[in-house]
Amino acid sequence: MSDMKEAESAGEEEKDWAEAKAFFDSLKSKKPRPPKPRYAVTIAVSSRTLFDMTSERKIFKQQGLEKYAVMSVNARLRALYPDSEELFDIVLMTNNHAQVGVRLINSINHYDLTIERFCMTGGKSPIGYLKAYMTNLYLSKDSKKVQEAIGEGIAAAIMFTPDMEVELSDTQLRVAFDGDAVLFSDESEIIVKQHGLDTFFEHEKRFENKPLAQGPLKCFLEALGKLQRKFYAKNERLNCPIRTYLVTARSAASSGARVLKTLRSWGLEIDEALFLAGAPKGPLLQKIRPHIFFDDQMFHIEGAMELGTISAHVPYGIGQKYNRGKLIEENPQKQ
Amino acid sequence: MNTDDDVKQFVTGVVSLQKDPSRAVVIAISHDAVFDLKEEQEPKAPAAASGVLNPGPGFPFVKAVQRVNEKLVEKNPNETLLFDVILLSSKDRPKSQSEVANSIKHYGLEITRLCFCNNENFTSVLRSNKVKLFLSTNTDYITKAQDTGVPAALLYGQRGTATLDQLRVLFIGDSLGFSEDTTDRPKDEDTGEDQLQSVQLTQSSLEDLVALIGEMRRKFGRENSPLCACLMTVCSPRNVCVRALKRLRAWGLEVDEAFCLAGAPQSRLLAHIQPHILYDHGLQYTLDVPALS
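Note that the protein sequences, when read in sequence, are chains V and F. Per our numbering, residue 1 is the first one in the first sequence, and the count goes up by one each step. Per our numbering, residue 1 is the first one in the second sequence, and the count goes up by one each step.
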């Protein structure tokens, strides 16, 4: 993009933004206005993610809790930084036809959700629109769309909701991430799968000081970190309403150092790093009670859900070709 | 002024449809939007053939409209609800007339008339030709048409990127979605008497236009329609967008795609939506959209 075009589009953005700001500020209702997308942490959700329409249970209640936590973070950010645009923003991104979409908005109204922006594509793929809305994270139940989004460089995951209802904090947003193939690339996982654990340990020790390449959710962690630092700046570290966790099958002794050094090299912090050395993730997650847990392997997603953790599958990397450690037989025609 | 003298009939030679004047949706478009008439400058691309002009920003629109007509006639050979595209031209470029005629033939465009007008008779030419929609890249002309009660829209799009397969119409819904008695209305809206009158004048013609487009749209299913209606609200909250959707529905048009921006930058989204035309009354919410690349 040429410099002039950048300047032009920045100018246009300013104008759009100023108009909306003026409009919302002048409304009779004291509705909080949505933040400026360039600075906001924008989460795009599909309609099925927002309203589990196939189920009678109050799945929505759980989703709602997540939203309450998010809104609580926003409320505290607004209190500390009244003029800042660095807030969470949730956008409804659906490929429903607009006429169907109206019913979704009715539900949003009914549950009084703070979702001001939406995009109803009338059947077209929403992927292209994600960038137009400056999406930092896309959550959907459609694995094809999520894969496409990841392919386009957008952090994305497939939402799964557990059967159990677990009580979650509505004042602190907790986000848990797997390491390899989620925050980091799958380069190390490839070694494990193809050469076994011993080679993996050797390799990680040898390359301890070489940062891993980034994975699909790295930039979302970055976005969360940006918001967290705003609380730290106002001495709210102990009371920060956002908390991040790394939940990895790596072990601290043999392969953990590289992960921590990589994060440090990226200038990113994670509040708690939990090295399970291969132990199941479910019980630990049950203790942490994150609002969402990202992992690339369905095996871990299933384990997490069994014990009540809302999980999101990141369909990225070599883990997709394996099921519980065994290579899924490729269709011979593909080779 | 004898409008007959000022109207040049074209025999298109491709599809010559006698449009039923009572049912045809007449769309007037400035001829220098359909073709690139810049003779003075270096041509951007070599001319398609000698005596033939290069396509302009309105060209994809004309092609897309043509496809809608084809599909309508496919469904019903006796269909009378069709688009009727006419060109407007100012008289002081007689040289280009033959080029325009040649170009229309060359590209197989279904254009039935070329009407001459100038600043003074612009409005009466629109009226006498029963124009239901005026299109231009010139915001002054658009405002002028709207002020006299003719719905007018902006031609959007960069040459070469707009689709020819589907006519995409975008309505900016911020002013369509207002209602008197809600908390979503700004506190002190300062609307002058003249502005109100002009809005009301265009409103009823807009309703007619929307009803006709809606009727055309209904002849096709949700998928694979050659005509697609989109709605976007630029700075209003979500309920304004929903009200605009419902209002259009009440007028007879079920919008396919809806976008509520609430202040998010519109140019990125517009570049993705790629509408052929953008309707925004008073051009209050639209930036200078790129009609020429």
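Honestly, I wouldn't trust all of these hints.
In silico lysine to any residue, SDA-like type, Cα no more than 25 angstroms apart, as pairs [unchecked claim]:
hint : chain 1 : residue 1 : chain 2 : residue 2
1    : V       : Lys144    : F       : Glu223
2    : V       : Lys193    : V       : Val166
3    : V       : Lys124    : F       : Asn224
Chain F regions said to be covered by chain V (calculated; three or more residues, Cβ under 8 angstroms) [as the list claims (entries may be wrong)]:
hint : stretch
4    : 104-111
5    : 260-270
Over 12 angstroms on every C-beta distance to chain V, these chain F residues come out as not near it, computed from the model [claimed, not checked]:
hint : residue
6    : Leu37
7    : Leu72
8    : Lys75
9    : Thr143
10   : Asn224
11   : Glu254
Since the hints were made in silico from the structure, they are not lab data. Keep in mind the model is a prediction, meaning the values are calculated, not measured. Using N, Cα and C, we set each Cβ at its ideal position, and we do this for glycine too.
Verdict on F:Glu254 as a residue remote from chain V, using beta-carbon distances over 12 angstroms: About 5 angstroms separates F:Glu254 from the closest Cβ of chain V, which leaves it inside 12 angstroms; violated.
Distal placement of F:Thr143 relative to chain V, Cβ over 12 angstroms: F:Thr143 clear of chain V: closest Cβ-Cβ about 19 angstroms, beyond 12 angstroms.
F:Leu37 non-interfacial with respect to chain V [C-beta, more than 12 angstroms]: It holds; F:Leu37 is separated from chain V by about 26 angstroms at its closest Cβ, greater than 12 angstroms.
Agreement of V:Lys124 and F:Asn224 with the hint, judged by alpha carbon distance not exceeding 25 angstroms: Distance ~11 angstroms between V:Lys124 and F:Asn224 Cα, so the pair holds.
Consistency of the no-contact label for F:Lys75, given chain V and a CB cut of 12 angstroms: Fine: 20 angstroms to the nearest Cβ keeps F:Lys75 off the interface.
Annotated coverage of the stretch 104-111 of chain F by chain V, confirmed only when three residues or more have a Cβ within 8 angstroms: Contact hint for the stretch 104-111 of chain F vs chain V: violated, 0 residues under 8 angstroms.
Non-interface claim for F:Leu72, where every Cβ of chain V lies beyond 12 angstroms: At about 20 angstroms from chain V, F:Leu72 clears the 12 angstroms cut-off, so the statement holds.
25 angstroms Cα cutoff - pair V:Lys193, V:Val166: violated (34 angstroms)
Within 8 angstroms of chain V (C-beta), three or more residues of the stretch 260-270 of chain F: This one holds; 10 residues, not fewer than the three required, reach chain V with a Cβ under 8 angstroms.
Chain V versus F:Asn224 - minimum CB to CB distance exceeding 12 angstroms, so not interface: violated (10 angstroms)
Given hint F:Glu223 paired with V:Lys144 - CA-CA distance at most 25 angstroms: holds (20 angstroms)
Of the numbered hints listed earlier, those contradicted by the structure are 2, 4, 10 and 11.
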